[in-house]
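Generate coordinates for the entire structure from the input sequences, incorporating the hints supplied.
Take a look at the letters that make up each chain.
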Amino acid sequence: MSWFNEHILTVLILLPLAGVGLLLSTRSLGNEFVKRGALLISVLEFLFSLILFIGFKPMANFQFTEQTVWIPAWGISYSVGVDGISLFLILLTTFLMPIAVLASWRSVEKSVTSFFISLLVMESAMVGVFSALDLFFFYIFWEAILIPMYFLIGVWGSKKRIYAAIKFVLFTMVGSLLMLVGILYLYSQTTAQLGAASLAYEDMSRLVLSSGIQYWLFLAFALSFAIKIPLFPFHTWLPDAHTEAPTAGSIILAGVLLKMGGYGFLRFCVPLFPLGMKEFIPLIITLAVVGIIYGALMALVQPDLKRLVAFSSVSHLGFVVLGIFALTSRSVTGSVIQMVNHGLATGALFLLVGMLYERRHTRMIADFGGLAKSLPRYSVVFLIVVLASAGLPGLNGFVGEFLILSGSYEPHPAAVVISALGIILAAVYLLWMVERVFFGPVSEENSGLKDLMSREWLAIVPMIVMMVWLGIYPKPFLDKIEPSVDKLVKDFSTAISETENTPIILNRESFEEVNE
Amino acid sequence: MENALWLIPFLPFAGFLLNGLLGKKLSESLSGLIASATIGASLVLGLLSLNAYLENHETLHQVMFTWLSLGSFDVSIAYTLDALSLVMVLVVTGVGFLIHVYSIGYMKGDPGIQRYFAYLNLFTFMMLNLVMADNLLLLFLGWEGVGLCSYLLIGFWFEDPAKAAAGKKAFVVNRIGDFGFLLGMIIILTNLGSLNFGDILLPEQLSSLETGLITTIALLLFLGAAGKSAQIPLYVWLPDAMAGPTPVSALIHAATMVTAGVYLVARMGALFALSATALSVVAVIGVLTAFFAATMAIYENDIKKVLAYSTISQLGYMFAAAGVGAYGAAIFHLMTHAFFKGLLFLGAGSVIHGLSGEQDMRRMGGLKSKMPKTYWTMLAGVSAISGLPLLSGFFSKDEILWFTYSSQSGGDFIFIVGLLTAILTSFYMFRLFFLTFHGDSRWTKGITPHDSPPVMTIPLILLAVLSVAGGWIGIPEILGGGNSFHHFLSETVHDVVGPHPTDLLLSELTVMVLSIAGALVGIYVAFRRYGTGKLDKESKGFGHLVEKKYYVDELYDAVIVHPIRRGSESIWRRFDVRVIDGIVNGLGSLTLRVSSFVRRAQTGVIQNYAAVILLGVILIIFYVYLK
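Chains as they are written, first to last, in the working numbering: chain A, 1 to 516; chain B, 1001 to 1627.
Treat the hints with care, since some could be wrong.
[Said to hold, decoys possible] Here are some, though not all, of the chain A residues that point toward chain B, as calculated from beta-carbon distances under 7 Å: (1) 236; (2) 297; (3) 393; (4) 420.
Just so you know, the hints here were simulated from the structure itself, not pulled from any lab data.
C-beta: ideal position from N, C-alpha, C; glycine also.
Below is the structure:
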């Protein structure tokens, strides 16, 4: 087993691709077989990923690392590893994928094999993004995700799917092209400073970059991440993409893809360009806070359930950005755990809305009412998820929000006060939605609907269990996240204080010189 | 005993799980039995804990597991029972147990009865977490949890849109208060590095903070308290909350949950004590709410809403007491209020039950002979709340009035408004009493009023006994009593009333006489006006304004709710869709236009391409040559 454990990340990246081969070779056996195959692969992938969870030691260094030189002349090597920041994002990915497969069981009718192949390719690329420690591979994985997602929205989406798919790809491409320029610049610096070309993350962090250069590099990377998260005002692709995407697409999009933005900030911007980042902290915190309030207000007036959830994502991810840019140990840990929380709660909301759509073929809030009567079990589950999303203590959302807000208060009190208003608004738009969908008299179209089926229970129960676990006993998670975050924050403040101290020392010396 | 503390909240939680998961598989009576038995067992454990506490007067404490820990910050799921928590636990489980039993009769035949008992058990679990928490964060968990249950139970009959809306209103208004609570907690954590009561309430810790900061924290926490305990300006949810089943109104919206704000202030008493500003705000808001709500109770015709305004008003008294530093008096009134207000709501429920759901007092009257048990127990309740001598409400309210007058942070204004409110209180309570039970019978034809079954009347009688005698543990020294309640509580909560000023005009006995006189005046006027069964005429002018609740709901709608909703709608359509997306789509179509222009060069005619290539070569040669 030890060989297996040592190469677990490679296994996790390759297993879904092997699954693609399996699906292709067995497609003649029929759609049912393909679905089961996809489910099997994704469950297996999840079980394997638990090795990471069990074996990860609460330390700051990268673990489960593998490194193989690939093209030495160009300094490209295959290098992977996880730390406390990426660990749970990988687990979130492998956890959500079987659920996404289950969610597509009946709703996907055309080109079934291609659909599940897209999902598996995406899973491989997502695990790759969160584990790559070489910027070449990181960029390849980052871009590779676009292709299956483009198809998921464009082929299996609803009415305005083509517009939404193109919008999604264009927005993301604009960002990632600038990131590519940034990566190429860093690459050129490795030759100049280290004597050998390299794309390894480790080498990048050894580069010495002036604050002016860091300013531009931060911008080049940050735009890409800001679009991905999405940060206000780069969010308008999100409601369209979510509304048009099939349920599985929405779950993956909200659950994992948006987290790539937050991850990117933590993995690249904070450690590589601290001096550049420092300049943007006030701006980005402002945008995050605006996003929290703005997303909530927009969610309030959406007539479409999926759009409402999409705008609530804008609001919730504003908290994540706030926590990252407040750069205290507590706030950043809160952001990491909140990315997981948001993936669970919003993923579950999209899953549930998808179930409703399969029954009623509409997502318009106005078409519903009184569902608590006709779908009692579904309603209870939905309410639990809503409460998790609204940050009720005892469920997961509260843990993240509390850590972020309490961790951000010292550096940015005003931002915290305004953001906390977003928690009031979350209760308003969520409970108003619940009121209109589930309460009141039940109309004829909404009565006689079938309550949750066993396949649906299978998809939603694990999510609820995780929401309660993370809400009541997040310690096993926080313990693993904390050391990496501590190191990140400490290194950042060291970098900042070094440059801040230098001119002061110079000043004092020059002052003394003058005195002499 | 200490190792079994967790069972006190978790027994009702087990009841919640049984009722919630088994649901319709449980018979109606079994469902009620499970719910009542679990909370009954908690009551027994609470009494055993009291016994253990009284042996050596040491706080009981049990840590279950770490909830959140990060760096030096560490918060556990941990329970503590000191004098204050014990009082609260006994009120919650004691009154709660009676109300659970009563519910078996009241909710009989309701198709959702298992869901009802599941919510009620969950509520008790959350409430016990709130009062037993050894840190602010766990208290907050209970605080939000009881709010959730309140939301679910107000909207219990969710098919009625008005009831569902009332539930949401309660939750949202409470969230506004919680915003303050959350920020207060965050500031405490930022400055003191902990949220455990054992750390943050230490005098040396608190004195390390600046007064301005303490005032800020205290006022933020008080915002939370004002939401939960329905004080100005956040009281608007409580009258609407009467949409829930009546036992819910008794338990959650009278006896227990709404007093959580008072509990919070008392629990954080050491902090509030350090800010004279915060204390004055609490006292003034409290006494103004008491008066303001009482005026609305006078004009109300819905029997439950009269009681709702009365609850707001009585909670105002408790805050007035806490605000002048008399935490003990506030908690004493909290307890007696739980007895008599629980009783009054259950009595009202019995009336409503007997009249097949009628809540309008204009269609009641003459019920005295039809419902004797309800009549006599209600009389005990209205007398107790009016503060008639020797009843429970008399001792607690009198103590409050005395402290508002004599405490160093009290004053004439608070005292006089409090005294006026006492007159109004006995007036509207006896108005309710006379309109309901005396005079002509005005109920709808076809209804045959009847007293309730024993499962409902026995809890009534027991609460009536408590309403009468419950105050005797707090008889003041001046009447020859030992005021043992006060001494017991002072082991946890320290009053900050200072030595009485020596130049007081009125003595403690005079204040007592004044409060009795006030109560009698109120009763007399009520009797003159309603004793014979006369009804109010259509009110005009000021009366009309009060009847319409001063149009506060309409004001909030016009100033806050509608602007937010309309504003968001227009931002979405004008800014999000047009401006941001407009720029994006505009860039898109610009690209299209540019490319379609450029595309024209791609004519597909080889000669053209050749010509262009030739031109290019010539230009390059020129360039190189000129250089």
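We went through each hint and held it up to the structure:
{"no.": "1", "hint": "236", "result": "5 Å, holds"}
{"no.": "2", "hint": "297", "result": "4 Å, holds"}
{"no.": "3", "hint": "393", "result": "4 Å, holds"}
{"no.": "4", "hint": "420", "result": "5 Å, holds"}
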